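Here is how the chains run, residue by residue.
Number of protein chains: 2
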Amino acid sequence: MTGDFSGLFGFSKDKGLIHPSEVAKLFISIPYEKAIDAFKAFQQDQQLKVFPYIDVQLQKRILQSLPREKASYILNKLSSDDRTIFFSALRGVEQSSFIDFLDESHKASLHKSLGYPDRSVARIINTEFATIDRDMTIAEANEHLRKFHKDTEAANVIYVVDKNGKLIDDIPVRRFVLNEPEKKVEDILDGFCTSLKITDSKEDAVQKFKEYDRVVLPVINDENVLLGVVTIDDVMDVAEQRDTAEIQKFGGMEELDYPYVKTPFFSLLKKRSSWLIILFLGEMMTATAMGHYDNEIQAHVVLALFIPLIISSGGNSGSQAATLIIRAMALKELTLKDWWYVMRREIMSGFSLGIILGIIGLIRVAIWQQLHWYNYGQHWILVATTVAVSLVGIVMWGTLSGSMIPMVLKKLGIDPATSSAPFVATLVDVTGLVIYFSIAAIILGGKLMA
Amino acid sequence: MTGDFSGLFGFSKDKGLIHPSEVAKLFISIPYEKAIDAFKAFQQDQQLKVFPYIDVQLQKRILQSLPREKASYILNKLSSDDRTIFFSALRGVEQSSFIDFLDESHKASLHKSLGYPDRSVARIINTEFATIDRDMTIAEANEHLRKFHKDTEAANVIYVVDKNGKLIDDIPVRRFVLNEPEKKVEDILDGFCTSLKITDSKEDAVQKFKEYDRVVLPVINDENVLLGVVTIDDVMDVAEQRDTAEIQKFGGMEELDYPYVKTPFFSLLKKRSSWLIILFLGEMMTATAMGHYDNEIQAHVVLALFIPLIISSGGNSGSQAATLIIRAMALKELTLKDWWYVMRREIMSGFSLGIILGIIGLIRVAIWQQLHWYNYGQHWILVATTVAVSLVGIVMWGTLSGSMIPMVLKKLGIDPATSSAPFVATLVDVTGLVIYFSIAAIILGGKLMA
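These protein sequences, in sequence, are chains Y and V. Mapping of the first sequence onto this note's numbering: residues 801 to 1250, in sequence order. Mapping of the second sequence onto this note's numbering: residues 801 to 1250, in sequence order.
Keep in mind the hints are simulated off the structure, nothing from the lab. Small disclaimer: the values here were computed from a predicted structure and weren't measured. Any given hint could turn out to be false.
Pairs involving identical chains hold if they fit within one copy or between any two copies, as the list cannot separate such chains.
[Unchecked claim] With a Cα cut of at most 30 Å, we get these calculated DSSO-like pairs of lysine-lysine: (1) K1210 / K860; (2) K947 / K1137; (3) K877 / K983; (4) K870 / K1062; (5) K840 / K1008; (6) K1071 / K950; (7) K840 / K1137; (8) K840 / K1132; (9) K1008 / K947; (10) K870 / K1010; (11) K1071 / K1137; (12) K1132 / K1071; (13) K963 / K825; (14) K947 / K984; (15) K966 / K1211; (16) K860 / K907; (17) K1137 / K825; (18) K947 / K840; (19) K860 / K984; (20) K1132 / K907; (21) K825 / K840; (22) K1211 / K1132; (23) K1010 / K912; (24) K825 / K1010; (25) K1132 / K1008; (26) K860 / K912.
Sequences and hints are given; from them, build the entire structure.
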């Protein structure tokens, strides 16, 4: 949002005044009905200041409970990025009913923004910005700005455009203060202006803000015409939402549309159960796989005892690898062309980790046997060897699938975070069982299976 | 960093000039030696512009390979936040050898910053900032700023301080342009100034920037004296590092100090193996737990077939719950006092999810039995019931532990992300086995165990 942070609430408090965001924060912890009543008690200009800081669910309910002209006032007075973000969160008939509240010009520009995909910067663009001509002197530019621009964040960076509205350069407003008023605008240009295309994704914007350490970037179309600006606060929200979505997908569920506390019980249940069911169906293959080995288990129950240990080690090492690779790709530290580097590295890692766990597993069986805590039978050394060798194989396999599956999904155009840790773990569980029993057949075959 | 974005590289390119961040980006993909040679080929002022955008490993190697006076020049000319961030990444003798390169005044202020803990805002503070008196007119203030301040981002917000350096208010520099020069500074104050304490954590800073939509915040001491400023680019890096650490902990490993591609093989192995070993040792209890049920497994192997399915369902539902709660706590959507709300909600969720999976499990066994894909014996209905009831119990237990363990850890002062999904999964695996075999004993006891 490009709010006006100069005018503030008139309430007095220890330090002077209350920032609208603090009021909005209070709303989080009280029931919707009370928050709506409190909101209604504010004066119209105060309502307008608090509104952008409120979460979208409450925003919707407030507008629904206000008289039409008051709701319409708020929606029309919002800064354009806040307005687009609010409408982007609505669906279908809800969206169109609120669009009806807008003035014709706002309606048109909103329709333009909503015409771009959800993930596009057009959904967070602010169409309020300050422009000047390159021929002006600084004094003239200052006067122009005083006349046409309000004291909002939109005036922190001034854009120089030509007669057709094409972007020439951007000037931080400080440069109008730090240079003599007689100088020409032309003389304080630095000739370097990074911009976003209207068709860029929000993720592109996050990268560009990070790379160039900017707080606001201009958005242009293919003809280089300045359409609006994107501000860093909206971009920070995008980055945070991306990370939250990634974390939730890692946790083996669909990303939530709203915070945990604001998500209704049944939508939460739906988001959670869908993936849980998919994973459950996948994991069912373990029962099928084990069905093939029921005679072996019958013959030596001792093999069954290590099943959870072995498959979870494959799953854990797979989660680690998947997490590392997915995050590194999200932060653009890795790209698909690095697959061979990643593969070599992960095979080495998987092998080393497998050896470490294998040795621990071997020692575990030996100690239990020697101290008579459990009797693994006369061939306990072969059982221990089976466990150790299986661990090497399964940890290597887990590490390799964990690192490669995200890259394959990315190649296929699927969000790699979807190959979340539990997904990899499920896959590794099934194949891990096959590896374990195959190795057991080789090592123990003659002895126990007889 | 509070770099100077006006002066840029003199290289010409399609659009005019090259931003130093683009040069730094090129360094990522080439070997260290080549990057160092390329860096050395730049002129000193270009070196200074590129340096802050380079990752700390390369920064270190570059400084080590430069002649002492050149390395010293760069370190002394860096903006103070970049300098502190560089030194914060060094340890022990490495740190002190580079401190030796600094001028006395920089040495003193660096020592002051490093005296604060790693997580403190003191580690990202910038001590360059612009101050004025409240009695000045805007014209006087402008002249003062022109005289004493360079065209850097530090001049985007001007601070009004009293004679003792105590912070009175902050003014975005645009307000000097948007108001008449005759006005007094006093008249354009808004009386509201959010600030950070020098003892605040970086995480506090992230929250405050998000809440107030600021791009720079002043940092004061207990006496309200202005010590420096924190800029949003450093805060964005903090938020990104926090999220990366959180994601890596979710993935069941220690957080990395450097990006995946920059972490040497053996440090990566150490970070991964430590948690993998802890989880492995924990998971060993499953072998012990199952040892108690070896007779039951011997008597009806059919029970063993569902072990991976059942414990992974507990693990997956636990991961989901842990992920939701940890993230919601990290974003301050949930606090510890909400534990009762969370507990009720998660019991309900766990019960519903358990019922869903239980029903699917029941159907699975029935179909396989009826279609003769597998024979679960004459008591197959009881086997199916055991699986279904166990799923309800284990999914509830997984959901409950997944949501409560992070809150308990937080209460104990431990980072809840450490109770990463695999940790919860391991715990749930062990207890899940006990639940499963206990339920089997009750339902099947008389029938199969006989």
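Hints versus structure:
Taking CA atoms no more than 30 Å apart as the test, K1210 paired with K860 passes in neither setting, with 36 Å inside one copy and 34 Å between copies. Neither within a single protomer nor between protomers do K947 and K1137 lie at most 30 Å apart by alpha-carbon distance, with minima of 53 Å and 51 Å respectively. In this assembly of identical chains, K877 and K983 lie within 30 Å of each other by CA distance solely across copies; the values are 29 Å between and 36 Å within a copy. With identical chains, the CA atoms of K870 and K1062 are at most 30 Å apart within one copy only, with a shortest distance of 25 Å there and 56 Å across copies.
Taking CA atoms no more than 30 Å apart as the test, K840 paired with K1008 passes between copies only; the shortest distance there is 27 Å, against 40 Å inside one copy. Neither within a single protomer nor between protomers do K1071 and K950 lie at most 30 Å apart by alpha-carbon distance, with minima of 44 Å and 53 Å respectively. In this assembly of identical chains, K840 and K1137 lie within 30 Å of each other by CA distance solely across copies; the values are 29 Å between and 56 Å within a copy. Taking identical chains as interchangeable, the C-alpha atoms of K840 and K1132 lie at most 30 Å apart only when they sit on different chains, with a minimum of 26 Å there against 46 Å within one chain.
In this assembly of identical chains, K1008 and K947 lie within 30 Å of each other by CA distance neither inside one copy nor across copies; the values are 32 Å within and 33 Å between. Proximity of K870 and K1010 under a CA criterion of 30 Å is satisfied inter-copy only: 28 Å between copies versus 39 Å inside one chain copy. In the homo-oligomer, the alpha carbons of K1071 and K1137 lie at most 30 Å apart only across protomers (25 Å), although the nearest pairing inside one protomer, at 33 Å, exceeds that limit. For the identical chains of this complex, K1132 and K1071 are neighbours both inside a copy (28 Å) and across copies (22 Å), given an alpha-carbon limit of 30 Å.
With identical chains, the CA atoms of K963 and K825 are never at most 30 Å apart, being 44 Å at best within one copy and 35 Å at best between copies. Taking the shortest alpha-carbon separations for K947 and K984, both the intra-copy value of 19 Å and the inter-copy value of 19 Å come in at or below 30 Å. Proximity of K966 to K1211 under the C-alpha cut-off of 30 Å is found in neither arrangement, the shortest distances being 37 Å within a copy and 56 Å between copies. With identical chains, the CA atoms of K860 and K907 are at most 30 Å apart within one copy only, with a shortest distance of 18 Å there and 54 Å across copies.
Taking the closest pair of Cα atoms, K1137 and K825 come within 30 Å of each other only across two copies (16 Å); inside a single copy the shortest separation is 45 Å, beyond that limit. Neither within a single protomer nor between protomers do K947 and K840 lie at most 30 Å apart by alpha-carbon distance, with minima of 34 Å and 49 Å respectively. In the homo-oligomer, the alpha carbons of K860 and K984 never lie at most 30 Å apart, since the shortest distance is 48 Å inside one protomer and 42 Å across protomers. With identical chains, the CA atoms of K1132 and K907 are never at most 30 Å apart, being 37 Å at best within one copy and 35 Å at best between copies.
Within a single copy, K825 and K840 get their C-alpha atoms as close as 16 Å, which meets the 30 Å cut-off; across copies the closest is 51 Å, which misses it. Taking identical chains as interchangeable, the C-alpha atoms of K1211 and K1132 lie at most 30 Å apart only when both belong to the same chain, with a minimum of 14 Å there against 35 Å between chains. In this homomeric assembly, K1010 and K912 come within 30 Å of each other (Cα to Cα) both inside a single copy, at 27 Å, and across copies, at 28 Å. For the homomeric pair K825 and K1010, the shortest alpha-carbon distances inside one copy (28 Å) and between copies (12 Å) are both at most 30 Å.
Both within a single protomer and between protomers do K1132 and K1008 lie at most 30 Å apart by alpha-carbon distance, with minima of 12 Å and 27 Å respectively. Taking the shortest Cα distances, K860 and K912 sit within 30 Å of each other inside one copy (22 Å), while across copies they are farther apart (49 Å).
Hints 1, 2, 6, 9, 13, 15, 18, 19 and 20 from the earlier list are contradicted by this structure; the remaining hints agree with it.
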